[in-house]
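Protein sequences, first through last, are from chains A and B. Using numbering that gives the first Met the number 0, read the first sequence as starting at 0 and increasing by one per residue. Using numbering that gives the first Met the number 0, read the second sequence as starting at 0 and increasing by one per residue.
Don't take every hint at face value.
Said to hold, decoys possible - Simulated crosslink set (DSSO-like; lysine-lysine; CA at most 30 Å straight-line):
(1) B/Lys211 to A/Lys71
(2) A/Lys301 to A/Lys610
(3) B/Lys183 to A/Lys71
(4) A/Lys138 to A/Lys378
(5) B/Lys137 to A/Lys523
(6) B/Lys137 to A/Lys114
(7) A/Lys138 to A/Lys620
(8) B/Lys137 to A/Lys113
(9) A/Lys26 to B/Lys169
(10) A/Lys523 to A/Lys368
(11) B/Lys59 to A/Lys620
What the hints contain is simulated information worked out from the structure, not anything from laboratory work.
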Amino acid sequence: MALDRRGFLKFVAGGVIGTGLTPLPWKLTDDISIWTQNWPWIPHIPDGEINSAPALAKLGQPEYGILVSKVKGSPILARGNPNHPLSQGGIDPLAASSVQLLHSPARIRQPMRKKNGAFQAISWEQAIQEIAPKLSGLKGQKNKVACVSGDETSSTNEILAGLLQGLGSEKFFFHPGETTLYHHIWQKIMGGRGHLGFDLPGADLVLSLGPDLLESWGNAVSQQYLFGQGTFRLLYAGPVQNNTAAMASRWIPVHSDALGHLALALAYHILKKRSPPRQNLSGFRQLHRYVRHNYTPLEAQKKTGLEEATIQSLAGELLQARRPLVLPGSLSGSCDVSGFDLYCGFCLNLLLDRLNTAGGMQCIPEPPKVVPGAPSWSKMLSGDLLAELRRIAQGSTEAPELMLFYESNPVYSLPDSKLTRKALEKIPYKVSFSQFMDETAATCDLLLPQHHFLERLDDAFTPFSSAAANYSVGLPVLEPVHSTRSTPDLLLDLSGKLELDLGAESYETLLKEKAGLLDADWGKLTSGGMWRNNTVVSQDRLELWNDRISRMLGQDRERPDKYQVHMVPQTDRRTGSPRTAIPPFGLKTLREEELEQNTFFIRLNRQTARKNGVREGSLVKIVSPEGTCRAKVNLDEGVMTDAVVVPLGFGHTYWDQFSRGKGDNALQLFGIRCESGSGMCHCSTPRVRISKIEAAR
Amino acid sequence: MSESMQIHEHFQIKWGMVIDVDKCTGCGACQVACQAENNIPPSQQSFDRLRSVHWLYVYKLENGRPYPESDIAYLPRPCMQCGNPSCASVCPVIATTKDEEGGIVSQIYPRCIGCRYCMAACPYHSRVFNWFDPVWPKGMEKTLTPYVSVRPRGVVEKCTFCHHRFQLAKRRARAEGRDPHHLKEDEYIPACAEACPTGAIAFGDLHNPEHKVHQLSRSEHAFRILERLGTEPQVYYLSRRPWVRRQGDNYVQKDQQRGE
């Protein structure tokens, strides 16, 4: 059959019409566009039923209820729980990264033993065979076993402290922080009973003397919620315009070592205009006399650097407010606050009659004890780890034979890291329960990795700064990803081998018993609810004045002349917490003026920069009596003259690629200071020297 | 803006955001929530304007005054979902459009050929290009959400106001026999708004008087970024501080209108 011209044209026309009508080319184009973006190395998204489960965020302060979304039982993301009173639906960037941290490359996947300086994987049976005889051998010998816990709210502490008691040791320490420092000043120095809480929801005016309460102090998520609701007016006194100062109605620039003085300068005006407080306060007259003589307007101006009118107007605001609340505390939400500053802040609240009243300081009762033989919570809080490490390093105390680290990373997150390392080197055998390969775990001899908090049952009793006693429980939301174990259950097993009775067969029964003692509904607790009790502890006789207080007030706070710049530590949850490093999603949120490649930025104003011969972008060395850091300069007029803001959370040497080697650990600039009056050791914020290394930009 | 240029005013629903800058503490929870929800991969570097993929960025604003008169604010910047999106008109393959009820500017990844015209056209730097294939550390890919497909290299992406949540809310409304075009307040909110602890990010239908964003966007303190370009952003900002409002546009010294 011949193909003529007409036939050819018909064929072409038919082909064109046919191609136009068939879906094939469009389908092929669509497929090509999809499949050219669908390579095997591009991860596929999951498919399946989506649901959510309540959990309890336990990555360090703050601790609160969250919801975890799951697909076919596998967690995919964490979000706020609107029904949990401590968060009201909010979440912080660290807790929002908690699901990703389940799969962090830094997770310790199974028990490990150090041999010839390197870790080797072992089974749980081998691990127990390793530690049980060691503990058994030390049983009955006084203070040969010690423990550091970085989780202040968990009932695991009772098991740890109870185990130590059974072994004959009282060396249980909490990782130093605000809870331990507030406890020390309130109970040991001022003779208070109970534990201090702060009723921010009930206050109408909040004066923060240092704490960055919208970022790092107490339960920042709850405080952010209250701030957003506008329930209180916020005033901030401190050396830097941090997140709290930026949001506050007023920022009163005061150097960090003058915050206690500011509290007493305000007390001067309050004592003048207000009748004595109703609370029975021993030493009121002596304090009155001390303030009247030492904080006259002229003296106050000298001590605080503030104009008389500023102090007067601030005092006026406190006097006019119906429910004012003063918050003394650390600038970084850690242990960088002196006993003097805390005492002065507490006094100001007492002079304003703000104790055990709506919107004031609250005295919260102790949690019930469920482990027989375990010390009380107050007793557990009494240990001073910084003082102990100093004594061990100096040789004035015998080092324990064995030390346990639970949710604590002292090698990274304590001041004077040289001293900490020196002390820890004297301890022959160290055991870490860390879920991540952190700096402390790396120095240990045995690693017994704990479950991630989403994989375990755990609880939280009254996290720091809570307004009232509260209790939350978190159930595991998934099966463990790695071969890890619940530390409290492991300890209960070990106690059985050591023939010690800790009063519970499993952690679950222990927590149920605790819930029963609190008269809390277990079903409600495990479905994301919270138990709360507004009972407060009445005070018989608080001491505003005694020998220790007078020594504390009288001591010299001057620093050597060659260090002139005040260091201001700053914490940001995007860079983790004292026990968690920068989470994978946190790193990318750091702006160009916060971290460039592997160099972090310090912030100072133009005048300070000029004085120190540095400019925007200069690469500088920060030198303190304790150590040195390397950083770049970010000029920020929100910093007081002669002050430098140094961010914390950088400079990890272990962990994962998201935190290792990112910047320097500024904590090496800090020292340990033990106040002669209060007897309390805390992290000192030294003055530093800044010098240019080279022009970086 | 002439009427003829307001090409998308016919939508009955206009999803919008009102961000109270005076309530934003710059905590970054919104950024992390956005990354987790939308399968944005983690990066081993801090923010990199050129290379890191981010849909929501929090800018730090300064008033430029010397200490102690300085003041700062934080400004979260998602995609503005412009009423007149300059990105949509330049896309040669119609990978980005504004044609769905609600006024969300879509981004259809399989269509994108990576020409980046849209990035050049967007005055808000809201769009990012994948220079590399996304990588999650081993095991972390298990945390991918089923909501948004993973984008390969060579594709532009941007914030979609968590469009999948809009679809889910509509589907839920239909299942309950309700009108999917009359969603209740907070029935559909993006991940960033949900995560914000201070409640600085309000979200809703700007046309619906029952939604709080309707009133907030009409506040005397409300402003939009680069409003004079006529892009008609659906993201509003609130600040009682005049210097913050002034930074919303490129005002020069002699401008009559100064954002105050």
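The hints, checked one at a time:
1. B/Lys211 to A/Lys71: Between B/Lys211 and A/Lys71 the Cα gap is close to 36 Å, so the pair fails against 30 Å, i.e. violated.
2. A/Lys301 to A/Lys610: holds (22 Å)
3. B/Lys183 to A/Lys71: Within the cut-off at roughly 29 Å; holds.
4. A/Lys138 to A/Lys378: Holds, at roughly 21 Å.
5. B/Lys137 to A/Lys523: violated (36 Å)
6. B/Lys137 to A/Lys114: Holds - the C-alpha atoms of A/Lys114 and B/Lys137 are around 27 Å apart, at most 30 Å.
7. A/Lys138 to A/Lys620: violated (48 Å)
8. B/Lys137 to A/Lys113: OK: B/Lys137 and A/Lys113 at ~25 Å, within 30 Å.
9. A/Lys26 to B/Lys169: With a Cα-Cα distance of about 28 Å, the restraint between A/Lys26 and B/Lys169 holds, given a limit of 30 Å.
10. A/Lys523 to A/Lys368: At roughly 21 Å apart (the allowed maximum being 30 Å), A/Lys368 and A/Lys523 satisfy the hint.
11. B/Lys59 to A/Lys620: Roughly 25 Å between the alpha carbons, so the hint for B/Lys59 and A/Lys620 holds.
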